[in-house]
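Visitor: Now for the letters of each chain:
2 protein chains.
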Amino acid sequence: MKKPNGAASVTRKQLLSAAGELMATRGSTDISLNDIAEKSGLSSALVKYYFGNKAGMMLGLLREVLAPSLLQLRHLPAMELPPQTKLRIHISGLVKSYYLHPYVNRLMHQLLYEDSETFGPILAEEFSRPVADVQKMILEEGTRLGVFRPVDPLFFYLHIIGACDQLFHGRAQLEHLFGVKTIDDDVRRGFIDHLYGVVMSGIAAPVSSS
Amino acid sequence: MKKPNGAASVTRKQLLSAAGELMATRGSTDISLNDIAEKSGLSSALVKYYFGNKAGMMLGLLREVLAPSLLQLRHLPAMELPPQTKLRIHISGLVKSYYLHPYVNRLMHQLLYEDSETFGPILAEEFSRPVADVQKMILEEGTRLGVFRPVDPLFFYLHIIGACDQLFHGRAQLEHLFGVKTIDDDVRRGFIDHLYGVVMSGIAAPVSSS
Numbered sequence: 004m005k006k007p008n009g010a011a012s013v014t015r016k017q018l019l020s021a022a023g024e025l026m027a028t029r030g031s032t033d034i035s036l037n038d039i040a041e042k043s044g045l046s047s048a049l050v051k052y053y054f055g056n057k058a059g060m061m062l063g064l065l066r067e068v069l070a071p072s073l074l075q076l077r078h079l080p081a082m083e084l085p086p087q088t089k090l091r092i093h094i095s096g097l098v099k100s101y102y103l104h105p106y107v108n109r110l111m112h113q114l115l116y117e118d119s120e121t122f123g124p125i126l127a128e129e130f131s132r133p134v135a136d137v138q139k140m141i142l143e144e145g146t147r148l149g150v151f152r153p154v155d156p157l158f159f160y161l162h163i164i165g166a167c168d169q170l171f172h173g174r175a176q177l178e179h180l181f182g183v184k185t186i187d188d189d190v191r192r193g194f195i196d197h198l199y200g201v202v203m204s205g206i207a208a209p210v211s212s213s
Numbered sequence: 004m005k006k007p008n009g010a011a012s013v014t015r016k017q018l019l020s021a022a023g024e025l026m027a028t029r030g031s032t033d034i035s036l037n038d039i040a041e042k043s044g045l046s047s048a049l050v051k052y053y054f055g056n057k058a059g060m061m062l063g064l065l066r067e068v069l070a071p072s073l074l075q076l077r078h079l080p081a082m083e084l085p086p087q088t089k090l091r092i093h094i095s096g097l098v099k100s101y102y103l104h105p106y107v108n109r110l111m112h113q114l115l116y117e118d119s120e121t122f123g124p125i126l127a128e129e130f131s132r133p134v135a136d137v138q139k140m141i142l143e144e145g146t147r148l149g150v151f152r153p154v155d156p157l158f159f160y161l162h163i164i165g166a167c168d169q170l171f172h173g174r175a176q177l178e179h180l181f182g183v184k185t186i187d188d189d190v191r192r193g194f195i196d197h198l199y200g201v202v203m204s205g206i207a208a209p210v211s212s213s
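Chains as they are written, first to last, in this note's numbering: chain A, 4 to 213; chain B, 4 to 213.
To be clear, the hints were calculated from the coordinates, so they are not data collected in a lab.
One or more of the hints may lead you astray.
One copy or any two copies: either way a pair holds, since identical chains are not told apart in the list.
Simulated pairs of lysine-lysine, DSS-like, Cα-Cα distance not exceeding 30 Å [stated by the list, open to error]:
id	residue 1	residue 2
1	K57	K139
2	K184	K51
3	K139	K16
4	K139	K42
5	K184	K139
6	K51	K139
7	K99	K139
8	K184	K42
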């Protein structure tokens, strides 16, 4: 049977969206090839055909769901906006990405846990580097314009990513310590306001007393 | 054979320190009961006897290595120091804990990954609650004294824990994006300075213009 590119691409997407839906509804990344086959109505052998193995498919899913956010992110530095606004858009975009795809985070940790030698460099280059680069550009612009004090981009990166990550990674803590059962719009907006507020005041250039 | 409490406690500690050393030297939490038996010179059956299973032993290890930090933490609120200094000691203590026991973090994530229903509440109550409680007390003291603006303790908790966690959890990113191969004293001190500096300026009460 001849398989035109179009059909192949549709099949690929069908497998990925079945996997994504399963993880989102189950709240777990622990799904089997059989689950994916059943949900998509396609053979589990197709996963092997298109992605090599389950880990390859997980990587394919990350690429698919994060592509729009990464595209938006790349456009941010060149926009005609003050660096403070760019920082706010960036933080809000990060939190929104985690919120829309709650399994992204766990999936990355799981790939690293399974095989950090293979996936460490791939995840770092494809998903972390664009974030680190854009942050560096925004920080440099802010310092040049005299609105930010100089900040180490490495520490800044760890600080922002870690904080956003924790909102979604620390669900057990949220529920048991603070009685927060779901991360709804209010929690999400509150957290963005907090993080932006603290970080923005925290890196603002000192007001000149002259 | 009679087993006095003292000998039992020594055996228990021997097993825990063998497990801790193995994880520290291998840079991985993926160790077997046989590894532990070989390293400690004791039978792997003793793990079952003292801890139930491997996960139980991991929890025992977390309790053992984190006990001194938790004790120090509990004394912090009552110390006669300004709340800003308490905040600095707290951040520096958190980073130092992760630094001294680099596997602690992974171990917690692994226990949650394996069985979040069992370990979620235990980890939250034993290790996260004391941190959240102490932070809340420091924040309240600072607000009362007029040196901090009011800050949501939940968001503050996620922010600080996430940032400190990321320094050690994001090793793959550190190496590939920033060329940082080991988290040495300089990186650790630099990160503490950054986080404390940004957060402290970020939550400082606005200077009254009167």
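Visitor: All hints, please: hold or fail.
Guide: Now for the hints, and whether the structure bears them out:
For a Cα distance limit of 30 Å, the shortest separation of K57 from K139 qualifies neither inside one copy, at 34 Å, nor across copies, at 43 Å. Taking identical chains as interchangeable, the C-alpha atoms of K184 and K51 are never at most 30 Å apart, the minima being 37 Å within one chain and 35 Å between chains. In this homomeric assembly, K139 and K16 never come within 30 Å of each other (Cα to Cα): the closest approach is 34 Å inside a single copy and 46 Å across copies. Within a single copy, K139 and K42 get their C-alpha atoms no closer than 42 Å, and across copies no closer than 46 Å, so neither meets the 30 Å cut-off.
Proximity of K184 to K139 under the C-alpha cut-off of 30 Å is restricted to the inter-copy arrangement: shortest distance 20 Å between copies versus 35 Å within a copy. Proximity of K51 to K139 under the C-alpha cut-off of 30 Å is found in neither arrangement, the shortest distances being 39 Å within a copy and 50 Å between copies. For the identical chains of this complex, K99 and K139 are neighbours both inside a copy (21 Å) and across copies (27 Å), given an alpha-carbon limit of 30 Å. In this assembly of identical chains, K184 and K42 lie within 30 Å of each other by CA distance solely inside one copy; the values are 27 Å within and 42 Å between copies.
Figure legend: structure checked against the earlier numbered hints; hints not met, in rising order: 1, 2, 3, 4, 6.
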